[in-house]
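Protein chains: 2
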Amino acid sequence: MEIFNDIKLNKKSETPLYQQLAENILHLIEQNELKPDTKLPPIRSLAESLGVNSITVVNAYKYLEAKKAVYSHVGSGTFVADPGLNDNKSVTRPLLNRQSLEDIDTKNCINFADTSVSVDLFPVDLFKNCFNTVLDRDKGDAFSYLDSDSMGYKPLRDAIAQRLEDEGIKALPERIQIISGAQQGLDIVSKAMLNTNDIVFTEKPTYYGALGAIFSRGAQAVEIPLEIDGINTEILKKLLKVYSPRFIYIMTRYQTPTGICYSPQKKRELLELAYKHNFYIIEEDNMGDFNYTNSKLVTLKALDYRNRVIYIKSFSKILMPGLRMGYMVLPKAVSQAITSAKYSSDIATSSFIQRAFELYLRSNEYGSHIRRMCSIFSEKYTLITSLTDKKLSPYFTYNKTGGGLTIWLKLRENMPDTHILCNAFAQSGVVVMPGSLFTTDDKETERHIRLSFANVTNTEINNGITIMEDECKRLYTK
Amino acid sequence: MEIFNDIKLNKKSETPLYQQLAENILHLIEQNELKPDTKLPPIRSLAESLGVNSITVVNAYKYLEAKKAVYSHVGSGTFVADPGLNDNKSVTRPLLNRQSLEDIDTKNCINFADTSVSVDLFPVDLFKNCFNTVLDRDKGDAFSYLDSDSMGYKPLRDAIAQRLEDEGIKALPERIQIISGAQQGLDIVSKAMLNTNDIVFTEKPTYYGALGAIFSRGAQAVEIPLEIDGINTEILKKLLKVYSPRFIYIMTRYQTPTGICYSPQKKRELLELAYKHNFYIIEEDNMGDFNYTNSKLVTLKALDYRNRVIYIKSFSKILMPGLRMGYMVLPKAVSQAITSAKYSSDIATSSFIQRAFELYLRSNEYGSHIRRMCSIFSEKYTLITSLTDKKLSPYFTYNKTGGGLTIWLKLRENMPDTHILCNAFAQSGVVVMPGSLFTTDDKETERHIRLSFANVTNTEINNGITIMEDECKRLYTK
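Top line first, the protein sequences correspond to chains A and B. Each residue of the first sequence is one higher than the last, beginning at 37 in the working numbering. Each residue of the second sequence is one higher than the last, beginning at 37 in the working numbering.
With the rest of the complex left out, here is chain A (with noise of 0.2 Å):
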């Protein structure tokens, strides 16, 4: 497009290339030049045509997305957001997956994008129970706060810290962070670490949604592709060659999108590589708990002998998202700036929930609960692999991860593209998550559906397969 032609970007400036982009595209879409639903140019044209690396690109269609000046669709591009949609919609538009699903009535088909358990499964009944002894014994007192409480309610830290040594991971209660939520926790380490031209490390494929606290300090993401068993390390010790990233974001257990646990070997070789090279690694742990095998999952906090890694976890996949409470495990280095973060972002966590979430943390009925889940989504798990082996197999390939709420498919060479097939299950009723949404342009990340079985009963899985079966067999014999 010829609009694009006049941006002009100053390489000897202090603001990074991808901001001075994004900022010009949000300068077009503010006077009116870029209207809504406007696709943006492809990366590698316009990062030709502008005399830039493509990374910048990439980066500035993320910055601008994380402003939900943009958003991107199913299937493919990156389009001008409308400011002018009414409340909810405006909001709805990109970043969170199944926010591109918009268009599509997930309510009367079978759902495989959504990645939240049903409401059904929330242990609602025991909450109620520990909110009312709260409201009893503390009364007021669970609605006042101290100062000292942007760390946590005491007790609830005393009652994480003794949770963790089950995971072998040893915290003092002063080196534990309570969040509303995983999102939050990596906002305030961002406050409290980055700022302007800061580069971060990520996983690719990565879950852009949490992105967003990263790029609001002006930082800067760049991309390493994950193996089989974590991300590749040679590519890694090259990229450090080149810049010294403040922090590494990763998820060792059943990452999103792609499902896969790092290996002893690699957690090992990553710490090391924090070590020597002085960056942090956080680690966000939202779906350690659902392991359908007999072996434990280490973390890569348990194994963090020289404190580098900041761990997130996230209670929204195994307990209720709409909780907004979760953790962080913090290096001394570090805890104090992040905790005053979280003071300047809104003072602290609800005493309240926080309370109530101590009571359950220390009754039984956690362990039970994780137990139930586990048991449920372990037969989920099962059926959606044994019907995908069987009736998929031609179409797709895929690894057996022995955990987590998705599986992760590759489509074969001979197969039609991302966006065809994605199209053709959703008008046959099937929703699912083309790998288009966890990468601005990678084309092997494009290559892949993923299918979640979190909100969907047995049946809907029998049926749901067998659909996507029919559909490939008509595209294929096309």
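Worth double-checking, as some hints may not be accurate.
Calculated lysine to any residue pairs in the SDA-like style (CA-CA distance at most 25 Å, straight line) [what the hints assert, rightly or not]:
| # | chain 1 | residue 1 | chain 2 | residue 2 |
| --- | --- | --- | --- | --- |
| 1 | A | K190 | B | T493 |
| 2 | A | K175 | B | Y402 |
| 3 | A | K175 | B | T493 |
| 4 | A | K368 | B | D177 |
| 5 | B | K71 | A | N343 |
| 6 | B | K175 | A | S411 |
| 7 | B | K206 | B | L339 |
| 8 | A | K164 | B | R398 |
| 9 | A | K426 | A | A490 |
| 10 | B | K368 | B | N231 |
| 11 | B | K47 | A | D234 |
| 12 | B | K368 | A | F115 |
| 13 | B | K312 | A | A490 |
| 14 | A | K175 | B | S154 |
| 15 | A | K164 | B | V160 |
| 16 | B | K164 | A | F115 |
| 17 | A | K368 | B | L64 |
| 18 | A | K312 | B | Q67 |
| 19 | A | K416 | B | D177 |
| 20 | A | K368 | B | E69 |
| 21 | B | K175 | A | R407 |
| 22 | A | K175 | B | D150 |
| 23 | B | K446 | B | Y402 |
| 24 | B | K175 | A | D172 |
| 25 | A | K47 | B | Q56 |
| 26 | B | K47 | A | T232 |
Partial list, computed: chain A residues near chain B (C-beta under 8 Å) [as the list claims (entries may be wrong)]:
| # | residue |
| --- | --- |
| 27 | F158 |
| 28 | S252 |
| 29 | S387 |
| 30 | I389 |
Per the computed footprint, the stretches of chain A lying under chain B, defined by three or more beta-carbons under 8 Å from a beta-carbon of chain B, are [stated by the list, open to error]:
| # | stretch |
| --- | --- |
| 31 | 162–172 |
| 32 | 375–381 |
Please keep in mind that the hints were generated in silico from the structure rather than gathered at the bench. The beta-carbon is built from N, C-alpha and C at its ideal position, and this holds for glycine as well.
Position chain B relative to chain A; hints supplied.
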């Protein structure tokens, strides 16, 4: 101190001078060349020796305080914080007012410092009903969320919009943003609107605790003196010739710490300046409900016919601080960016708390609660002002505001300084808030003390004022 003479600032750098200075000091702290509890040099002498404006040093110290690297102590001076302090202490040090009272046993004294009302006044039983109703009615849905929830639970936004009509504020539900407390409001506005080097105007004195969010963006604060009817608009006009602020942060009803209210004329003048010079006004309202007069105090937002006011409502004083609940009314032009900042900060405020809060707001209980609070605190206000008139008038002057939870006493010229006075009160078991906590080096502000009657009994008010009178007499006749 010699160590400070080695600090070199680069006036040509894009990094603001105050930030360069702060980072130099931070470096000295990290290298342990400045040990915990070391007193930093006085503002003016450091400014002089570095050849910079004293506002630069003020902002550097405030920036460091926001990062909890330093703390201000009762009396005067800024000190290096101890990063090795055990958990609670490391957090309780600076920023919030009562934190500086840690050395004093506030439990066994008359506490005129605390501005949180007694927990006995929290409407806990009514909220308990609301919580249980939500759990029985919504079950798991109370803990699920959609990405569209970043703006807040729609029925709650509807209820707030209705309530705002009584305040003369016309706000569409889609311009109401739910927040987890006023601090988060300021934080996400800053995230959406501020970048390094941006200028923000504040009142002088102001509540510095709130500015941590602004400093976290690398922005700089310029203070404008308050008069009895609002900020000094003559000085504001002069400063507008030098600076282009992104916004001004003010409290129009019972300001912290002075208790002043803006006059209708000041409000109109301020709005016209905002329209002319294109800056936004952040109007924080945490005290507006504590009005003991018969006349209505109109908010700035109610008069804002060209949408330049971002109104932040806090329920921490009128309801309960630990609810972590508030809202903002946003101009359309910035609403999308701010909701997006909310999303990247913590996705959404707890849906469970929002749903219960909606029930509470829609009942008649909220109105009754406000009337009950006003009746209780109006009585205490009458008591404390009449006692102050009777016993303290030889030593202090003050303005009667007719509302709020505090009075702002100014020492008469011939009295000893605030530091000596506050210590003497404390020795006799009466804790007050010295004005020095609301400024870094303003001599005028330092000649004040603030008395809060939020969390004291009538007997304590009686005894407290009598003790203060005795101490004043003793010191005055020395």
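> Going back to the hint list, which numbers does this structure go against?
Replying inline: 1, 4, 13, 16 and 23
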